[in-house]
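Residue-level listing of the chains:
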Amino acid sequence: GQQVMQIPQYQHVQEGEDFTTYCNSSTTLSNIQWYKQRPGGHPVFLIQLVKSGEVKKQKRLTFQFGEAKKNSSLHITATQTTDVGTYFCAGPGGGADGLTFGKGTHLIIQP
Amino acid sequence: GAGVSQSPSNKVTEKGKDVELRCDPISGHTALYWYRQSLGQGLEFLIYFQGNSAPDKSGLPSDRFSAERTGGSVSTLTIQRTQQEDSAVYLCASSHPLYEQYFGPGTRLTVT
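Note that the protein sequences, when read in sequence, are chains W and R.
When we follow our numbering, the leftmost residue of the first sequence carries the number 122, and every step to the right adds one.
When we follow our numbering, the leftmost residue of the second sequence carries the number 783, and every step to the right adds one.
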């Protein structure tokens with residue numbers, strides 16, 4: 122089945138530094154979604170990208186969808202302690218209309 | 783409005799016992815999903831319900847796992863003869879088909 126690979130698995134940054142996580146698929150994705158899971162919490166939807174080369178911004182977060190629709194990235198500028206958590210990308214494939222999640226990138230911020 | 787709710791929030795059971803986990807989706811969401819998340823790991827798809835269609839059971843890890851959804855709303859995930867490797871957080875999500883998924887708080891299952 123389709124797999125979505127996500128790197129890095131863990132990322133330690135100093136507060137104020139930037140952070141990027143990458144998501145790659147071996148097949149073309151019709152869309153990609155990003156979720157954030159705070160420690161002890163449940164995944165919360167952040168955004169969906171659909172178009173080739175699409176770039177969307179949410180305050181300090183920038184999401185990109187590759188031209189070939191096989192990769193995506195999430196970039197956080199000037200991280201804050203509230204950004205701590207695990208960021209998952211997800212593409213179609215878990216069930217007929219479900220999602221296949223990457224293993225996530227754990228963001229750890231040192232004050 | 784109310785989000786996805788799950789019960790119980792925590793369940794400790796002895797190896798070999800059966801457990802039932804419940805999910806109440808957001809009203810009006812026709813799609814319902816069950817996932818399993820082991821400590822520090824990603825989300826493993828288990829099963830998917832959409833309206834009155836036959837469920838997609840392709841992610842269930844063994845025949846000890848089953849799920850049903852009554853009246854297109856509440857869903858129950860049943861694990862028979864639990865094993866220690868079943869210990870995980872079981873997450874339920876609901877959505878309109880092909881839209882973003884809303885997750886419940888999960889049930890933390892510990893098999894001793």
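What the hints contain is simulated information worked out from the structure, not anything from laboratory work.
No experiment lies behind these values; they were computed from the predicted model shown.
Among the hints, erroneous ones may be present.
30 Å max Cα-Cα, derived DSS-like pairs, lysine-lysine [what the hints assert, rightly or not]:
id, chain 1, residue 1, chain 2, residue 2
1, W, Lys224, W, Lys172
2, W, Lys224, W, Lys180
3, R, Lys797, W, Lys191
4, W, Lys157, W, Lys191
5, W, Lys224, R, Lys797
6, R, Lys799, W, Lys157
7, R, Lys793, W, Lys157
8, R, Lys793, W, Lys180
9, W, Lys178, R, Lys839
Over 10 Å on every C-beta distance to chain W, these chain R residues come out as not near it, computed from the model [claimed, not checked]:
id, residue
10, Ser789
11, Lys793
12, Glu796
13, Val801
14, Gln823
15, Gln862
16, Arg863
17, Ala875
18, Gln883
19, Thr892
A virtual CB, placed ideally from N, CA and C, is assigned to each residue, including glycine.
Hints, one by one, checked against the model:
Under the criterion of a C-alpha separation no larger than 30 Å, the hint pairing Lys224 of chain W with Lys172 of chain W is consistent with the structure, at around 23 Å. Distance hint between Lys224 of chain W and Lys180 of chain W is fulfilled; the C-alpha atoms sit about 25 Å from each other, no more than 30 Å. Annotation: proposed proximity of Lys797 of chain R to Lys191 of chain W is violated, straight-line Cα distance about 42 Å (limit 30 Å). Only pairs whose Cα atoms come within 30 Å are accepted, and Lys157 of chain W paired with Lys191 of chain W is accepted, the gap being roughly 20 Å.
Distance restraint check for Lys224 of chain W and Lys797 of chain R: the Cα-Cα separation of roughly 28 Å lies within the 30 Å cut-off, and the hinted pair is therefore satisfied. Between Lys799 of chain R and Lys157 of chain W the alpha-carbon distance is near 33 Å, which puts this suggested pair outside the 30 Å criterion. This hinted pair checks out: Lys793 of chain R and Lys157 of chain W have alpha carbons roughly 25 Å apart, not beyond 30 Å. Distance hint between Lys793 of chain R and Lys180 of chain W is unfulfilled; the C-alpha atoms sit about 39 Å from each other, more than 30 Å.
A C-alpha spacing of about 36 Å is found between Lys178 of chain W and Lys839 of chain R, which places the hinted pair above 30 Å, so the restraint is violated. For Ser789 of chain R, the requirement that its beta carbon stay farther than 10 Å from each beta carbon of chain W is met, with the minimum near 14 Å. Its beta-carbon lying about 16 Å from the closest one in chain W, Lys793 of chain R satisfies the requirement of being farther than 10 Å from that chain. In this structure Glu796 of chain R is separated from chain W by more than 10 Å, as the shortest Cβ-Cβ distance comes to about 25 Å.
Remark: the non-interface label on Val801 of chain R is consistent with the geometry, its nearest Cβ contact in chain W lying 19 Å away (cut-off 10 Å). For Gln823 of chain R, the shortest C-beta to C-beta distance to chain W comes to about 7 Å, within the 10 Å cut-off, and the non-interface label is violated. For Gln862 of chain R, the shortest C-beta to C-beta distance to chain W comes to about 22 Å, beyond the 10 Å cut-off, and the non-interface label holds. Non-interface status of Arg863 of chain R relative to chain W is upheld: no Cβ of that chain comes within 10 Å, the nearest being about 25 Å off.
Here Ala875 of chain R does not stay apart from chain W, with its beta-carbon only about 8 Å from theirs, under the 10 Å limit. For Gln883 of chain R, the non-interface assignment is contradicted: its Cβ lies about 7 Å from the closest Cβ of chain W, within the 10 Å cut-off. For Thr892 of chain R, the shortest C-beta to C-beta distance to chain W comes to about 15 Å, beyond the 10 Å cut-off, and the non-interface label holds.
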